[in-house]
Amino acid sequence: MKKTNTKLIRPEIERRAFLKNCSKTFPSLLFLVASFDVQNILANENGSYDPTQHNYAMGVNIKKCIGCARCADACKSENKVPREPHFFRTWIERYVIPEDGEPIVDSPNGGIDGFPEISEKLHIERTFFVPKLCNHCVNAPCVQVCPVGATFATKDGVVLVDPKWCVGCRYCIQACPYGARYLHPETEVADKCTFCYHRITDGKLPACVEVCPTQTRIFGERGKKSSPLRRFFKFNEIHTLKPGLNTKPKVYYAGLDGEVI
Amino acid sequence: MSKIPQQVIPIIIILMVVVGAFIAARNIFVPESFGEQGHFRTEAIQENMDLEQVYAGADACYDCHDDIVETKSGSYHKGVACEVCHGPALQHIDAPDEFTPRAPRERGYCPLCHGYNPSRPSGFPQIIAERHNPGKACMSCHNPHNPLLPHAPEECAACHRDIASVKILSHHATLPCTQCHTIEKGHKSSPKFTKAHKPTDNSTCEYCHNKGSNGNKLAPKINAEEHSDRYLCWDCHYPHYPEAY
Chain W
0 MKKTNTKLIR
10 PEIERRAFLK
20 NCSKTFPSLL
30 FLVASFDVQN
40 ILANENGSYD
50 PTQHNYAMGV
60 NIKKCIGCAR
70 CADACKSENK
80 VPREPHFFRT
90 WIERYVIPED
100 GEPIVDSPNG
110 GIDGFPEISE
120 KLHIERTFFV
130 PKLCNHCVNA
140 PCVQVCPVGA
150 TFATKDGVVL
160 VDPKWCVGCR
170 YCIQACPYGA
180 RYLHPETEVA
190 DKCTFCYHRI
200 TDGKLPACVE
210 VCPTQTRIFG
220 ERGKKSSPLR
230 RFFKFNEIHT
240 LKPGLNTKPK
250 VYYAGLDGEV
260 I
Chain Z
0 MSKIPQQVIP
10 IIIILMVVVG
20 AFIAARNIFV
30 PESFGEQGHF
40 RTEAIQENMD
50 LEQVYAGADA
60 CYDCHDDIVE
70 TKSGSYHKGV
80 ACEVCHGPAL
90 QHIDAPDEFT
100 PRAPRERGYC
110 PLCHGYNPSR
120 PSGFPQIIAE
130 RHNPGKACMS
140 CHNPHNPLLP
150 HAPEECAACH
160 RDIASVKILS
170 HHATLPCTQC
180 HTIEKGHKSS
190 PKFTKAHKPT
200 DNSTCEYCHN
210 KGSNGNKLAP
220 KINAEEHSDR
230 YLCWDCHYPH
240 YPEAY
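Chains W and Z, in that order, are what the protein sequence lines are.
So for the first sequence, numbering that gives the first Met the number 0 puts the first residue at 0; every next one is plus one.
So for the second sequence, numbering that gives the first Met the number 0 puts the first residue at 0; every next one is plus one.
What the hints contain is simulated information worked out from the structure, not anything from laboratory work.
Hints may contain errors.
Think about it this way: if two alpha-carbon atoms lie no more than 27 angstroms apart in a straight line, the pair counts; the simulated DSSO-like pairs of lysine-lysine are [to be verified]:
{"id": "1", "chain 1": "W", "residue 1": "K223", "chain 2": "Z", "residue 2": "K77"}
{"id": "2", "chain 1": "Z", "residue 1": "K216", "chain 2": "Z", "residue 2": "K135"}
{"id": "3", "chain 1": "W", "residue 1": "K223", "chain 2": "W", "residue 2": "K241"}
{"id": "4", "chain 1": "Z", "residue 1": "K135", "chain 2": "W", "residue 2": "K224"}
Chain W with its partners taken away, still in its complex shape (with noise of 0.2 angstroms):
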């Protein structure tokens, strides 16, 4: 009974065909209406949302990582983000470590045009690239400081701002500790990586893992075995940035190097 349950119930078709078939007795009708939450099924039929059933979060592999900043490009013109520097939903930093001296980090136009020549002078430890987003925190420091409820986490993981309530107190971008926040000059208010919330709750991938040509980031959801973050996780050794302020993030980072801030 089991075996022949999940056969039908796994294509869509076949699970509408079974519930209709359900209705023609009473007895069947008795167990549908008994074994499953109906309203769950219609609302899936209908192809609404439901955010209980996701929880969204991302990988980026800086060993990937070849800087050429599409994604901050595509960022930029998916979400219509100004695109005059300084302000980015995501951005590439390239950290450049020398034998002696401080590390050096910089991010021009958040590498979209490109990064200048390093100083030949410079003697090159390492050097890499590392994509900085926003981190959908589970214990969001800009959620906890907003003074009237404009940022929020949704039931699905994402951290979202409400730009008609947002009253561009600028606490949230203070308080963000990655600097994943900026004040749009147009609006005035707050505005941040939202995981393409528009385009993920459609089924689509954020514009940002979209266009990255050598899958340095990864999209997925916690806790599914179909996602593709759990062969991201279980092949890497994965890494959050401040972990020690215990905002929990949802951006997992593979080979996270130890001067990355």
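Based on these hints, arrange chain Z on the given structure of chain W.
Just chain Z, lined up with the frame of chain W:
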């Protein structure tokens, strides 16, 4: 029940007015959906979901451009989505004739990924754009949908090694010898009796390099009528290494 002291009554009235005013103001100013799921407007979730999309996604291109998608899916660029280079294309899917996605052919575009940068992971194919065939469009040697290393034709090099070894360094590296030379059947087995022919007039060069010619759209163009009518092209330009002169 004791009587309420007279002096307390105005205070109670003021308090009720203040509380009433607060409740009324709260009803007006706080949006209806505020607090349903937490300390925020529930409508804001839907508003975020309803934002306009710009990128179509990797699967969308296959419906019409299946030939290119299939070429690309077997190449080194299989992981590079169409929209990386061609830009956001959802508009193109809604109205294919009205909006054409960009197709970056300029030399500056490919080095965004393939220009040498020490911070890039080792093993990633990189070039130094200033030294790598300066002035030549990347597409004239590399097909972006199947980016293999260009293969210089070698069939003549067994005898004409001196020419081949110069030509391989030039902008003409990928052109086969037969692009300009007509070769009679049997030239390879008895070269002394069946000759290879050289071009006799400028039309061979003008096939690609004259203004408006279609031989190779990326080749540098001249206006043949104004350029020179008294000389043959190879009086000044050496065809096997044209950029040297």
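Here's how the hints hold up against the structure:
Among the hinted pairs, K223 of chain W with K77 of chain Z is consistent with the structure: their alpha-carbon atoms are about 26 angstroms apart, no more than 27 angstroms. Taking the CA atoms of K216 of chain Z and K135 of chain Z, the gap is about 12 angstroms. The hint holds against a cut of 27 angstroms. Simply put, K223 of chain W and K241 of chain W have alpha-carbon atoms about 26 angstroms apart, close enough for the 27 angstroms limit, and the pair holds. Restraint check for K135 of chain Z and K224 of chain W: the C-alpha separation of about 48 angstroms exceeds 27 angstroms, so the hint is violated.
This entry does not satisfy hint 4, going by the numbered hints stated previously; all others are met.
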